[in-house]
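Participant: Residue strings, one per chain:
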Amino acid sequence: MFKVNDLTFKYPKNKENTIKGISFEIKEGEIFGLLGPSGVGKSTTQKILTKLLKDYTGEVTYKEKRLKEYNKEFYQEIGVGFEMPVHFSKLTAEENLSFFKKLYKSQADTDELLKRVGLYEDKDKKVNEFSKGMKTRLNFVRALINNPKILFLDEPTNGLDPKNARIIKNIIKEFKQDGGTVLLTSHLMNDVDELCDRVAFMANGKIAEIDTPKNLKLKHGQRRVEIEYDDKEVVKDSFDLDNLGGNDEFINIVKTKKIITIHSKETTLDDIFIKVTGVVKHD
Amino acid sequence: MTNFKPLLIGEIQRMKKYNILGASLVVSLLWIGVMYFTKIDDVTSLFPLLVYFEAISMSMLMIGVTMFFEKQEGVIKTLLVSPISKTEYIMAKTFSNIVSNLITFFLLYGYARIFKEVDINILWFTLSIILIAFFHSLIGFILTYYSKDFTNLLIGMMKYIFVLMIPVSLQDLGFIKSEVFNKVLYILPTKASMILLEGSSGGGVEKWKIYFSIAYLVLASILIYIVVSKKFDEFAIKESGV
Numbered sequence: 001m002f003k004v005n006d007l008t009f010k011y012p013k014n015k016e017n018t019i020k021g022i023s024f025e026i027k028e029g030e031i032f033g034l035l036g037p038s039g040v041g042k043s044t045t046q047k048i049l050t051k052l053l054k055d056y057t058g059e060v061t062y063k064e065k066r067l068k069e070y071n072k073e074f075y076q077e078i079g080v081g082f083e084m085p086v087h088f089s090k091l092t093a094e095e096n097l098s099f100f101k102k103l104y105k106s107q108a109d110t111d112e113l114l115k116r117v118g119l120y121e122d123k124d125k126k127v128n129e130f131s132k133g134m135k136t137r138l139n140f141v142r143a144l145i146n147n148p149k150i151l152f153l154d155e156p157t158n159g160l161d162p163k164n165a166r167i168i169k170n171i172i173k174e175f176k177q178d179g180g181t182v183l184l185t186s187h188l189m190n191d192v193d194e195l196c197d198r199v200a201f202m203a204n205g206k207i208a209e210i211d212t213p214k215n216l217k218l219k220h221g222q223r224r225v226e227i228e229y230d231d232k233e234v235v236k237d238s239f240d241l242d243n244l245g246g247n248d249e250f251i252n253i254v255k256t257k258k259i260i261t262i263h264s265k266e267t268t269l270d271d272i273f274i275k276v277t278g279v280v281k282h283d
Numbered sequence: 001m002t003n004f005k006p007l008l009i010g011e012i013q014r015m016k017k018y019n020i021l022g023a024s025l026v027v028s029l030l031w032i033g034v035m036y037f038t039k040i041d042d043v044t045s046l047f048p049l050l051v052y053f054e055a056i057s058m059s060m061l062m063i064g065v066t067m068f069f070e071k072q073e074g075v076i077k078t079l080l081v082s083p084i085s086k087t088e089y090i091m092a093k094t095f096s097n098i099v100s101n102l103i104t105f106f107l108l109y110g111y112a113r114i115f116k117e118v119d120i121n122i123l124w125f126t127l128s129i130i131l132i133a134f135f136h137s138l139i140g141f142i143l144t145y146y147s148k149d150f151t152n153l154l155i156g157m158m159k160y161i162f163v164l165m166i167p168v169s170l171q172d173l174g175f176i177k178s179e180v181f182n183k184v185l186y187i188l189p190t191k192a193s194m195i196l197l198e199g200s201s202g203g204g205v206e207k208w209k210i211y212f213s214i215a216y217l218v219l220a221s222i223l224i225y226i227v228v229s230k231k232f233d234e235f236a237i238k239e240s241g242v
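Protein chains in written order, with the UniProt record's numbering: chain A, 1 to 283; chain B, 1 to 242.
Honestly, the hints are just simulated from the structure, not real lab data. In this text, all values refer to a predicted model and were calculated from it rather than measured experimentally. Glycine included, C-beta positions come from ideal geometry on N, C-alpha and C. Only true hints are included.
Selected chain A positions facing chain B (in silico; Cβ < 10 Å): (1) T50; (2) K51; (3) L53; (4) K72; (5) V80; (6) F82; (7) K101.
Simulated coverage check for chain B against chain A, where a stretch passes if three residues somewhere in it have a Cβ under 8 Å from a Cβ of chain A: (8) 13-26; (9) 83-93.
Sequences are here, hints too, so could you generate the full structure?
Facilitator: The following block contains the structure:
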């Protein structure tokens, strides 16, 4: 759907390029995660893909056509969910959605969406009476009001309780099942792991890794199992995961000792984030 | 598909909800107060001066107010990724401003007609206000682009008022009589605005001055619009969070 080739971008006041020749593709119908610490170029990349920044070099195509050739009609096809509130605070949720809806040819059933995210009862309240979580959910609904083909989501579950986060994640999954494409930016690696088909880790304006979460975990993980057992005192040991069943020492421990803990050493996206980007994640 | 209409309706709705229209009505009550406390029965000569201050200052201020609300609430970000062109955005704000200016004008005119004497050409006055409010709304955009915050915007406005508006009004009130100074004032858009308003109130303004003022404001509006439109891209990048 989107093809990015050798993309480079520099802000006029900066000395150094913010984006340094990145190439990647977002395939139709996939959820693509763009990850990395603050300031590595994620937002800039997203702004280029949403046509907010134009003075880039390299090529960006959307549906095989250069992005620069699209006019405002491009926005009929996309939905952008921001992390921070983006609504008129003195208008009600309903008034906000009604205003934005009129700008689009295709209009979603906002009552239905408000019901799904649990805001229907509050639709006549002014947005300045909403909690942070309610504003996040309203942002999400705003992103969907035009039945978009592609969704750009920035921290869509930030500030939500587990129940509401689950609702949002389910809607994202349904959107994908219906053929929609998603570009997701999040610091919550559990969400990324659950939702994304492929992820790209960005570091210092470049893409450091790009693959499926599973492949990344295989690549960066250790095929070992760690075991803690009671042998008059607590003993820790580690064994190769390959041919574990044929490892007599391991089998003997399992059979004869009291096992305290046993863990395979597969890695998490959190660990990969730190390893690949070289930065400790701040949630 | 043009989105000018929903944007314009949205602007007017928000001007109401954010009490901007209310504040504008309070200002028009001040002008009504000026007419009330003036002992002159025929306010025909005072009327253009009141509308001059109202149309110019409120046009600039209201663009700034609405844009600062949008910046403050982050709405500008979502507008920038909506299917609207910058022309539609700029024009919707400008025309909602014109609507507000016309409401104020008709209120002032209504008061003057009922309680005082006033003799103006309403059609010409209306057209003059549209042109003046259009031009000064665009000036409001420029001031907003270069203002870091609302206080900064007010400072910019005060500079405009002191440098461009006050000299024209002082000359109009007869406090400045220098011929040279009078001629220099023709380079100012505020002078063209004053000529149009006075011309609409049968102030004995020569026809060439009216034609000159119309041409001046139309051309200046086109030029300023080009600048506003060009600078909008920079503004958009800045407001998108960069």
